[in-house]
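Peer 1: Just so we're aligned: the sequence shown equals residues 1 to 179 in our numbering.
Among the clues, some could well be false.
Stated by the list, open to error - Here are the simulated distance ranges between beta carbons:
1) E110 / K34: 37 to 43 Å
2) L163 / D97: 19 to 25 Å
3) K164 / N50: 21 to 27 Å
4) L149 / R80: 18 to 24 Å
5) D91 / I28: 30 to 36 Å
6) R83 / V138: 24 to 30 Å
7) L149 / Y7: 27 to 33 Å
8) R103 / Q128: 24 to 30 Å
9) L149 / E75: 17 to 23 Å
10) E81 / N121: 39 to 45 Å
11) R37 / E158: 18 to 24 Å
12) K164 / A122: 28 to 34 Å
13) G108 / R80: 44 to 50 Å
It is worth saying that the hints were derived from the structure and are not from the lab. The beta carbon of each residue, even a glycine, is placed where N, CA and C say it ideally should be.
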Amino acid sequence: TDAPGFYKDLEQYEIYNGRRSFEEFKSIVLTRYKNWRDDRKIYECSLLQNTVEDMILFRQASDEEILEFYKEVREALKGREFRVVYLETEDIRSSIDAVRRERVDEQGNERWFSMVCEYFNASPCARQTGLRDFEGFVTHLSHRQALELRICREIFPEQTVLLKSRKVDDFLSEWKGQS
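When you get a sec, could you build the whole thing from the sequences and use the hints?
Peer 2: See below:
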């Protein structure tokens, strides 16, 4: 929307990017999963991307602290049937370059990546580690993906379907055939 202040108004409900204390954040996330009803759909961005991003960039949690958190998430989801379909990006650098070319304004100016860099560069993690801009972001995403894969393998091994990102169309065709 182009309504002035719309997104700013929504920020009061945001739990990510260090906007809540860790205890409040943890309580909200775990309560959501405890209250989740069995529609068998938990989206990767909700289960992994948003939470892991928050914990790395804004809480500067170690991999082990994040894994411990996900053990609590697993406990909150105990007894529910679901699948995590994880798309592993084989070449993060090329993937970012492709998205950079796609997400431009009407004049062809790169908009998305400049916003991503601003967000990333301002994070406590980037400031502390000195990671910045394209190279820093690639390094961060490589680490995040490795950690997310570890969470899938160690915490949710029975629920995870791991796909190489370039094989998604094959998977979707096969999956639609089973429906």
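Peer 1: It remains to establish, for every hint, whether it holds in the given structure.
Peer 2: Against the structure, the hints:
{"no.": "1", "hint": "E110 / K34: 37 to 43 Å", "in the structure": "41 Å, holds"}
{"no.": "2", "hint": "L163 / D97: 19 to 25 Å", "in the structure": "21 Å, holds"}
{"no.": "3", "hint": "K164 / N50: 21 to 27 Å", "in the structure": "22 Å, holds"}
{"no.": "4", "hint": "L149 / R80: 18 to 24 Å", "in the structure": "22 Å, holds"}
{"no.": "5", "hint": "D91 / I28: 30 to 36 Å", "in the structure": "35 Å, holds"}
{"no.": "6", "hint": "R83 / V138: 24 to 30 Å", "in the structure": "29 Å, holds"}
{"no.": "7", "hint": "L149 / Y7: 27 to 33 Å", "in the structure": "32 Å, holds"}
{"no.": "8", "hint": "R103 / Q128: 24 to 30 Å", "in the structure": "28 Å, holds"}
{"no.": "9", "hint": "L149 / E75: 17 to 23 Å", "in the structure": "21 Å, holds"}
{"no.": "10", "hint": "E81 / N121: 39 to 45 Å", "in the structure": "41 Å, holds"}
{"no.": "11", "hint": "R37 / E158: 18 to 24 Å", "in the structure": "20 Å, holds"}
{"no.": "12", "hint": "K164 / A122: 28 to 34 Å", "in the structure": "32 Å, holds"}
{"no.": "13", "hint": "G108 / R80: 44 to 50 Å", "in the structure": "46 Å, holds"}
Of the numbered hints given earlier, the model fails none.
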